[in-house]
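Got chain A; can you put chains B and C on it based on the hints?
Protein chains in written order, with our numbering: chain A, 1 to 390; chain B, 1 to 390; chain C, 1 to 390.
Treat the hints with caution; some may be incorrect.
Remember, identical chains collapse to one label, so a pair may be satisfied in a single copy or spanning two.
Stated by the list, open to error - Below, a list of computed lysine-lysine pairs in the DSBU-like style, where the Cα atoms sit at most 30 Å apart:
{"#": "1", "residue 1": "Lys-6", "residue 2": "Lys-356"}
{"#": "2", "residue 1": "Lys-148", "residue 2": "Lys-53"}
{"#": "3", "residue 1": "Lys-28", "residue 2": "Lys-366"}
{"#": "4", "residue 1": "Lys-361", "residue 2": "Lys-28"}
In short, the hints are calculated from the structure, not lab data.
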Amino acid sequence: MRNLIKEALSDFFFEYETPRQVLVRNPKVGIACRILQLGVLAYIIGWVFIYEKGYQIKDTAISSVFTKMKGIAYTDINGAERLWDVADYVFPDQGVSSFVVMTNFIMTVGQSQDKCPELPDGTNNCTTDADCKKGQYKRTGNGRMTGKCINQTTCEILSWCPVQDDRVIPNPPLLAAAENFTLFIKNSISFPDFGVVRSNLVEKVDSNYLKTCLFDPVKHPLCPIFRLGDIVSLSGFRFSEIAQVGGSIGILIEWECNLDLRIAKCIPKYRFEGLYGNSSQASVGYNFRTAKYYTEDRIQKRTLMKVFGLYIEIIVHGQARKFDIIPTLTAIGSGVGIFGVATVVCDVVLLYFLPKKDFYKTLKFKSTPVEDEEPESVTMDQAKEATQEK
Amino acid sequence: MRNLIKEALSDFFFEYETPRQVLVRNPKVGIACRILQLGVLAYIIGWVFIYEKGYQIKDTAISSVFTKMKGIAYTDINGAERLWDVADYVFPDQGVSSFVVMTNFIMTVGQSQDKCPELPDGTNNCTTDADCKKGQYKRTGNGRMTGKCINQTTCEILSWCPVQDDRVIPNPPLLAAAENFTLFIKNSISFPDFGVVRSNLVEKVDSNYLKTCLFDPVKHPLCPIFRLGDIVSLSGFRFSEIAQVGGSIGILIEWECNLDLRIAKCIPKYRFEGLYGNSSQASVGYNFRTAKYYTEDRIQKRTLMKVFGLYIEIIVHGQARKFDIIPTLTAIGSGVGIFGVATVVCDVVLLYFLPKKDFYKTLKFKSTPVEDEEPESVTMDQAKEATQEK
Amino acid sequence: MRNLIKEALSDFFFEYETPRQVLVRNPKVGIACRILQLGVLAYIIGWVFIYEKGYQIKDTAISSVFTKMKGIAYTDINGAERLWDVADYVFPDQGVSSFVVMTNFIMTVGQSQDKCPELPDGTNNCTTDADCKKGQYKRTGNGRMTGKCINQTTCEILSWCPVQDDRVIPNPPLLAAAENFTLFIKNSISFPDFGVVRSNLVEKVDSNYLKTCLFDPVKHPLCPIFRLGDIVSLSGFRFSEIAQVGGSIGILIEWECNLDLRIAKCIPKYRFEGLYGNSSQASVGYNFRTAKYYTEDRIQKRTLMKVFGLYIEIIVHGQARKFDIIPTLTAIGSGVGIFGVATVVCDVVLLYFLPKKDFYKTLKFKSTPVEDEEPESVTMDQAKEATQEK
Chain A
1 MRNLIKEALS
11 DFFFEYETPR
21 QVLVRNPKVG
31 IACRILQLGV
41 LAYIIGWVFI
51 YEKGYQIKDT
61 AISSVFTKMK
71 GIAYTDINGA
81 ERLWDVADYV
91 FPDQGVSSFV
101 VMTNFIMTVG
111 QSQDKCPELP
121 DGTNNCTTDA
131 DCKKGQYKRT
141 GNGRMTGKCI
151 NQTTCEILSW
161 CPVQDDRVIP
171 NPPLLAAAEN
181 FTLFIKNSIS
191 FPDFGVVRSN
201 LVEKVDSNYL
211 KTCLFDPVKH
221 PLCPIFRLGD
231 IVSLSGFRFS
241 EIAQVGGSIG
251 ILIEWECNLD
261 LRIAKCIPKY
271 RFEGLYGNSS
281 QASVGYNFRT
291 AKYYTEDRIQ
301 KRTLMKVFGL
311 YIEIIVHGQA
321 RKFDIIPTLT
331 AIGSGVGIFG
341 VATVVCDVVL
351 LYFLPKKDFY
361 KTLKFKSTPV
371 EDEEPESVTM
381 DQAKEATQEK
Chain B
1 MRNLIKEALS
11 DFFFEYETPR
21 QVLVRNPKVG
31 IACRILQLGV
41 LAYIIGWVFI
51 YEKGYQIKDT
61 AISSVFTKMK
71 GIAYTDINGA
81 ERLWDVADYV
91 FPDQGVSSFV
101 VMTNFIMTVG
111 QSQDKCPELP
121 DGTNNCTTDA
131 DCKKGQYKRT
141 GNGRMTGKCI
151 NQTTCEILSW
161 CPVQDDRVIP
171 NPPLLAAAEN
181 FTLFIKNSIS
191 FPDFGVVRSN
201 LVEKVDSNYL
211 KTCLFDPVKH
221 PLCPIFRLGD
231 IVSLSGFRFS
241 EIAQVGGSIG
251 ILIEWECNLD
261 LRIAKCIPKY
271 RFEGLYGNSS
281 QASVGYNFRT
291 AKYYTEDRIQ
301 KRTLMKVFGL
311 YIEIIVHGQA
321 RKFDIIPTLT
331 AIGSGVGIFG
341 VATVVCDVVL
351 LYFLPKKDFY
361 KTLKFKSTPV
371 EDEEPESVTM
381 DQAKEATQEK
Chain C
1 MRNLIKEALS
11 DFFFEYETPR
21 QVLVRNPKVG
31 IACRILQLGV
41 LAYIIGWVFI
51 YEKGYQIKDT
61 AISSVFTKMK
71 GIAYTDINGA
81 ERLWDVADYV
91 FPDQGVSSFV
101 VMTNFIMTVG
111 QSQDKCPELP
121 DGTNNCTTDA
131 DCKKGQYKRT
141 GNGRMTGKCI
151 NQTTCEILSW
161 CPVQDDRVIP
171 NPPLLAAAEN
181 FTLFIKNSIS
191 FPDFGVVRSN
201 LVEKVDSNYL
211 KTCLFDPVKH
221 PLCPIFRLGD
231 IVSLSGFRFS
241 EIAQVGGSIG
251 ILIEWECNLD
261 LRIAKCIPKY
271 RFEGLYGNSS
281 QASVGYNFRT
291 AKYYTEDRIQ
301 KRTLMKVFGL
311 YIEIIVHGQA
321 RKFDIIPTLT
331 AIGSGVGIFG
341 VATVVCDVVL
351 LYFLPKKDFY
361 KTLKFKSTPV
371 EDEEPESVTM
381 DQAKEATQEK
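Okay, chain A solo, but in the shape it has when bound:
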C-alpha cells in the first residue's frame, strides 16, 4: 500500500505533461496567427497594463471640507449707509462645505403678527369680500384671509405684516462688492484602504504662500484661496447677472492619486460648474428667506430678508490607485485566456477554410473508433498501435 502511494507521488512529481502540438508550416495561416497573437499581447501589455493601469486597485477618498470667506461690502440705500461683514452675508456662519454668500437682498424691517392687505401682485386680486373666504389660504398668498376685500384690490390677511414686497429685485445688486470677496478652502482626504491622508495644503502651499496667493487656473492652480468673481466666471456665469438673482455653483476638488509614485504628486485639481441646469446648460436663480427675530415694546417682531446669492457647494471626488498583485494576475490570467481564443480562431481557419483542411484535421486529431462496435477488436487494434508508438 505504502509503496503504491510512494509510486503515485514519485510519478506525480517526476513527470509533467505538456501538450503535443502540430507545427503548421503555412505562411498564410502562420503570419495571420502570429499577428493575432501579437495583437493580444500588445493589448494586454499596452492597454490593460500601461494605459488602464490594470495592475492597480482603486480606493475612493473620505473627505472633509472647511471654508472661510473674507471681505467687506458697503451699501448706501437712499442715504442709509451700512457695512456688511462676514457675519452678515454668509449663511451659515460655521464654514461648512455648502453655504450661501449673499449678493443681493430685499429687506422688510419690523414685521409683526397683524392684519394687512395681501400683496397686489396680480394673483391675489379681489372685488368683493366674497372673493376672500375667511380662514382660507390662497396658494399664491402669504397668509390667512380674514374675509375682507380692501378697496377692491386685494384680500386682507392675517400674516407677518407688512407683507414683503418682492416684486422688484434690486438692480444693480446691492452687494456687488462681493465680486472681490475671497474664499479659503481647507480640504483633507484619506484613503482608508491605503492608510493615506492628504490635505489640499500640499507641500508647495506653505503659510507664506497662503498669505499672498490667489487661485489662478494657470499660474496658481494649487492656491486654495479663490476670488468670488473668478469662481463665477470660471463656472461660466456673468457675475452681474448671477449676483442679482442668485445662482448655484459647484466647486469640484478632484484628487487622482497614483500612490505608486511620490506622494507629493498626489495633488488636487479645482473645477467650477454651474449646478441644477437641465442636462448641459445651468439655470440662474437662487434665493431663500431668512428672518431675524427681536422684541420691541413687548411685541415680537422680525426683519425678513429675501436673500439672493451664490449657493456654493464644495464637492470632493478623490480616487487613489496602487499596485496590487490580485488585479495584476487576474489581468495576466484572462490575457492568457484570450490568447487561447486567438489559437481557436486560427484553428477554425485551418480546419474549415483552407483547401488542405482535411489533411490538417488528420494531423491535429487522432480519433478513437466509436465505442459500441465490438470493443474487443478495438482494444486489439489500439493495443497494436500503442505498442507501435512506444
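Just chains B and C now, with coordinates in the frame of chain A:
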C-alpha cells in the same frame, strides 16, 4: 549571423503551433462534456454579459442637492393667533440637503439669566438645602445649584429662567397643517469618469409641468414636488404621530443609468425610508432646542423653543454603467479559462473513471522513458521513433 | 440534407477533443513544474479566495447621521454669572453630522452701524488723514475709511462699532467645562445592492445600555455616547490647548461587513482624527464669527461673537462584501489562465535549456513540411503517415 536571425524570424512567422488532440468517440463522455461546455458558454454569454452586464464599467455619481419648502400654517394658542411661514418653521433656511420642518413645539418666551427653582419633574426633588450643594450640577438638571431648596420641592438653580417646562408635548401638534406643505427638490449629479451631467428635472419635467405636478409613486414618479403628508405615509409613518413627537425620514434619490442607451432613459427613482431604527423598524421621535436672542430693557433675553419636527435627509445614490473593452475581454478571457476547467473535468472522468481508462491514457499521453536509465539507448529508440514519425 | 445535419450533430455530441500530451519523465523539470503549478494553485486558493475574499462583491454604504450634545457650562466673567446650555454653545442646533461646540469666545455686545476708530493692532496705523483715503478699504481693516486719522493712531472707519477687539484670546478657555459634555451619535447605513439596513444602535446597544454607557475604545467600543474630552484626547490633541484656539476633529465611523456571516457581526468601529493638517500632523485653530441681531431704541444692533471651538465632522465609511458567482468564476477562470502560464514556462525550460531539448522538440512538435515545395508529394507522405497512425 544575420541569416540565423532571419531564419528564426521566418520560422516564427511562417509556422504556428496548434495542439494535437484525441477525438474521443464515446457517447457518454462526449455528451457529458458537450453539455458541460455548453453550460459554461451559456453562463458566460447569458449571465456575465446579458444579465450582469459584465461588459460595462461602473461609475458612482457626484451629487448636489437643493431644497425649497412651501406652505403656511396658522396657530391659535389660547387666543393668540399667529401665522407661520417658511422662515419660521424650516431649519436651516438655505435649502440644504438635510433640514428640519417644525411640526410641533414648546415655546418659552423671555428667558433671562437668573435664579429660579428647578423643574419639578420628579428627578430633581429636594427636602433640605443639603440636597442642593452650591456650585454642583444634577445630571438631569438644567443649571447650577445655588444651595437653596425651595419649599421642599426642587433646588434653586442659576440658569435661563424660567426653566422650560417640556413635560407635556402639545397634542394634536400645533403645526398639523404641515401635512400640506410641499417640498421641491433640485438634484444634479455628474459621472466624472464618463463626463455625464444630469439633473432630476429631466426632459419631461419642464417648467409648465412643475407648476401643476405633485409627486405620486404611480402617476407622477418624476415630479420633484412632494407633499409632506405623502412623504411621511410613503415612509411608513402615521403623520399625526410623527408630527407630534418628530421623526427622521430619508428621501433616497436613486439613479441607475445605462449610458449605452439613450441618456433620456437615465432618470431618478425616489424612495422614502424611516431612519435611525434598529435594523428594520424605524424609531419615532426627533427634537432639538433652538433659541432666539434679543435684548429687552438692556437685559439679554431669549425665546427658547423645543422643536419637534421632521428631520428630512436627502440621500443620493447614483450609478452609471457603460460599455468598456477591458471588462469585456477580461470576462471573455476568464470565460475561456473556465472552458479549460470543463475539459479538465472531462479528462478526469475519461482517465480515471471509465472502464477503458488505460487505453485512453495510452492515446492521450506519450511518455518518455525515465532519464537516468542508459540515456544513449533511449535516444536511439527515440531517434528511431522520431524518424518513424517524420 | 437532414441526414448531414443529424450526422454533424451526433458527431458533435458523441465525441469530444482532449489535447494529446507528452509525459516528460524528467525529475528536474518535473519537480520544478509541479512546484510552479502548486504555487499557482496555492495562490489562487490561499490568496485570492481565503485572504482577499475574491469570491465576494463589494458595496459602499449610503449613510445618514444625527447627533445630540448634552451638558451645561457656567461662566463668571468679572462678576457676571452666566449659564450656557446646548442652545447656546452648539452651532447649528439641528444635530447635523458636522457641527461646532463652542469652547471659548470673544463677545462684543451692542455693535451698531457707526463711525469709530479702527483697531490699533499694528496693521492699521496712520499718522495723518492722508493715510486714510475716504471710501477705501484696508485689506486688514474692518470697515470703510472716512478719511480721518484719529489721534494719529488709527483711521476712523464706518463699520459695526465698536470694532471687535480679538487681539487677546481668553486663556484658560471660558467654557473649559465642555470637556465633560457628551455627544450622542445616531448613524444608520444601508447597502442598496444587498438591500441591507443597519443602525449603529446594534443588538447589544439597547435603551438600558444607552442610559448608562460611555464610549471607551476598549471597554465600550459600541457605546455611541462620547465624552468630548475623550474625543479630543483620542484624536491626539490636548484639550486645554484645542479648547482655547479651537480645532477640527473627524469622527470616522467604519463599517466593514461580511454579509456571508451573521448580520449581528456587522458592527461599526469608531476612529478619531485631527483634520486639516499637512500630511500627517493636524493643525490646531478653528474659529468663526456669528452675530445675534436685535433692536434697541429703534436702532438695529448686534452682539458679535468670535467663536472658538471644536469643529466636529462625522464621516461614515461603510463597505459590505457578499458572495457572488461572477467574481468567483472570474477568479477561477483567470486562475486557470495563470496555470497555462506555468506550463508555458516549463516548456520554455524543456525546449530551450535542457541538453536533450531537440529530442523533446521532436516529441512535442510534429511539423508539416513548408507548403510551397511540391504540395503533391507532401500529401503523399502525410497520407502514408496518416494511415500509419490509424
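Okay, the hints, checked on the actual structure:
Taking the closest pair of Cα atoms, Lys-6 and Lys-356 come within 30 Å of each other only across two copies (25 Å); inside a single copy the shortest separation is 48 Å, beyond that limit. Taking the shortest alpha-carbon separations for Lys-148 and Lys-53, neither the intra-copy value of 74 Å nor the inter-copy value of 65 Å comes in at or below 30 Å. When the C-alpha separation of Lys-28 and Lys-366 is checked against a cutoff of 30 Å, the pair qualifies both within a copy, at 25 Å, and between copies, at 19 Å. In this homomeric assembly, Lys-361 and Lys-28 come within 30 Å of each other (Cα to Cα) both inside a single copy, at 17 Å, and across copies, at 23 Å.
Going through the hint list in order, the structure does not satisfy hint 2, though it satisfies all others.
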